Amino acid sequence: MTGTARTRVFLVDDHGLFRAGVKAELSDESSIEVVGEAADVDEAIAGITTTAPDVVLLDVHLPGGGGQAVIGPAVAVHPDAQFLALSVSDAAEDVIAVIRAGARGYVTKTIDRAGLVDAIARVAAGDAVFSPRLAGFVLDAFAGEAPVVVDPEFDSLTPRERDVLRLIARGYTYKELARRLMISPKTVETHVSSVLRKLQLSSRHELTRWAADRKLL
Amino acid sequence: MSAPRSAPDEHLPVPFARTPRRGIFQHAPGAPWRSREDRVVSGVAGGLAEWSGLPSMLVRVGLTFVLVGTGVGPVIYVIATAVLPVSDRGVDAADRSLVLPPKGRAREQAAVALLVAIGMSILLRAVGIWVGGGLGFPAALAAAGISLAWSRTDRERRELWRARLVRLPGDQARAEGEDSSRRRTAVVRAAAGGVLFVTGAGWVLRSAPPSTFVPVLAATVATAGGVALLAGPWIVGLWRDLSDERRARIRTEERAEVAAQLHDSVLQTLALIQRHPETTRSVAQLARHQERSLRSWLFEGNADAADAASAAPDAGTFADRLRAAIHDVEDRFDLPVELVLVGDAPADARADALVAATREAAANAARHSGSAQVAVYAEVSAASLSVFVRDRGKGFDPLLVADDRRGLRDSVVGRIERQGGTATIASAPGEGTEVALEVPR
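Same order as they appear, the protein sequences are chains D and L. Here this note's numbering is used: the first residue of the first sequence is 47, the next is one more, and so on. Here this note's numbering is used: the first residue of the second sequence is 4, the next is one more, and so on.
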């Protein structure tokens, strides 16, 4: 990503109405260009292969295997694509599946335009995007001590990472929480990215068990 | 949840139109039944438990004791299976009438069952289980039980048994589209089983007074082997059929529940919205209410949870009550409140005070801040419950307008401090407000 190029966005969602809405919203945005869209997994992989987008907006619930089924094959042909998961559903096990498959963030479909544009820019830059719900989810999943620490690097959060997640869950923007914690926004990014990596790589069995038990963010 | 509601069924697309249901229980109020849901073998114990109101484990233990303790127990169980009706919950009359066994076949199978029962009785007597009484009485009892079982079993089950018995046992492989070697094996097995069974049974009859030990033992082994060969695949198949049937039944019930839920809630709401599209506020409220109820049904498995919690605020855990309070604020002020919950705790006086204070703080934000959204974050830790209520509204200077905010001071701060907790309000003009509440557990 260079600073001047427009971010090329690919939409994957089985609801045409939702795609149309997002396209209309993003069309006013000079920094973003919607290069394609798809309604199911196969279409999405084919479309991403031909258009090579920077960011894929990926619906969590997708016919043909869910959002996570897109990520692996799409990354294989186009390793530079970044994925931002969107959903209305909030079913924890679905969201965690997409994140663990490699999505760089998760936002709910109720997000406003500015929030979505910001999230796209962030994901395009390789940063992680945590909505309050996702932050709450991660805090819940990583609550308590890991009983069997297989890999201590990935199986627990640092106190600072917990602080950052709590503030995100409380509705703080990255900028606000950087000021609040008296750290730079870049450091916030670092913490969030590290939490994302832990979420993807953790072998904590609670993560799955929790998701199955709670079924709710 | 699936209580009938007055609805314009005729306007609905077919998948959502509900099939007519029977009454919950069609039988006389006094008669017990077999349970559909709560069953290990055929639901006799579960049905008795539902019928009597006793815990099903208790009934099960008692029943097992009686069945094992008395020699004729299994026969009694089979008879109970046959004569007790299955409770009708969740099954449509239409579904039942789909499987009608041909009458002649049923009689034929009853004869087969009778023969098997007589053989079993002879065998049991030879082994010495049937002490006392002539051969005729137990044989007749078992035969009567099994025929009764056959004649009185409910249709769907009888159809399954029939289908299985008809291809007993050599046909089974063919019916399942297996290759010819499997079929040959099955035929050979059936023939060998038959020969063994006949030989064994004849042997037992001839050496009825067990003067010698070896012939009886040999006869028993032969008979048992024959029965195993003959009945083994049948029993396995029957068992598989029963679990297939159980799976199908669960699927039917799930589909009925989804259809009922969509119908009762979503379609009703859509109909309401179509009727009053002009009042945006009530449309938004309806949509939000519907979303919440559907969400809780989908992800918490209970559509009425949110409603029940708002109707009865005394129910549920801290999280349930907080959720209900937040929903109430959303409805009252027509403002989205994003609630993020981490952990849960049982509701006690402190938790209730925290919920009440949170409700006030959120209402306050909705009333005064001008913010388009309020965020509420609640976290349960080992030592405390904490809640943060944040808005991005106009904010205020806590030092300057403290007197204005008596509501905040009394109903939020006072409430929390009386519980030994802390409440802090952070705000500045133009920067929104955050109320932080914490009570010890």
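Because the hints were derived from the structure by calculation, they are not lab data. None of the values given here were measured: they were computed from a predicted structure. Glycine included, C-beta positions come from ideal geometry on N, C-alpha and C. Treat the hints with care, as some may be off.
Stated by the list, open to error - No more than 30 Å apart at the CA atoms, straight line, and that leaves these computed lysine-lysine pairs for DSS-like:
id	chain 1	residue 1	chain 2	residue 2
1	L	Lys397	D	Lys221
2	D	Lys69	D	Lys221
3	D	Lys221	D	Lys155
4	D	Lys69	D	Lys155
5	D	Lys155	L	Lys397
6	D	Lys232	L	Lys397
7	D	Lys232	D	Lys221
8	D	Lys155	D	Lys232
As the list claims (entries may be wrong) - On the chain D side, residues computed to face chain L include the following (Cβ under 8 Å):
id	residue
9	Ala66
10	Gly67
11	Val68
12	Lys69
13	Glu71
14	Gly182
15	Ala215
16	Gly217
What the hints assert, rightly or not - Cβ-Cβ distance ranges computed for the label pairs, FRET-style:
id	chain 1	residue 1	chain 2	residue 2	range
17	D	Leu63	L	Pro339	37 to 45 Å
18	D	Gly62	L	Ala274	17 to 25 Å
19	D	Asp88	L	Leu265	44 to 52 Å
Does Gly182 of chain D hold up as a contact with chain L if the rule is Cβ-Cβ below 8 Å?
4 Å, holds
Does the alpha-carbon distance linking Lys221 of chain D and Lys155 of chain D stay inside the 30 Å limit?
Between Lys221 of chain D and Lys155 of chain D the Cα gap is close to 22 Å, so the pair holds against 30 Å.
Would the hint on Glu71 of chain D be counted as holding, given a Cβ-Cβ threshold of 8 Å to chain L?
17 Å, violated
Are Lys232 of chain D and Lys397 of chain L close enough, with their CA atoms no more than 30 Å apart?
28 Å, holds
With a cut-off of 30 Å on the C-alpha distance, tell me whether Lys69 of chain D and Lys155 of chain D pass.
Holds. Lys69 of chain D to Lys155 of chain D sits at ~13 Å (cutoff 30 Å).
Hinted pair Lys232 of chain D and Lys221 of chain D, Cα distance within 30 Å:
10 Å, holds
Close enough to count: is the Cβ of Gly67 of chain D nearer than 8 Å to one in chain L?
Status violated, d = 16 Å.
Does the alpha-carbon distance linking Lys155 of chain D and Lys397 of chain L stay inside the 30 Å limit?
26 Å, holds
Agreement of Lys69 of chain D and Lys221 of chain D with the hint, judged by alpha carbon distance not exceeding 30 Å
27 Å, holds
Hint status (Cβ of Ala215 of chain D to nearest Cβ of chain L, threshold 8 Å):
It holds, given that the least Cβ distance between Ala215 of chain D and chain L is near 5 Å, below 8 Å.
May I ask you to test the interface hint for Val68 of chain D with respect to chain L, counting a Cβ-Cβ separation under 8 Å as satisfied?
19 Å, violated
If you take the shortest Cβ to Cβ gap from Gly217 of chain D to chain L, is it below 8 Å?
Hint on Gly217 of chain D: holds, closest Cβ of chain L at ~3 Å, below 8 Å.
When the structure is compared with the earlier hints, violations turn up for hints 9, 10, 11, 12, 13, 17 and 19 and for no others.
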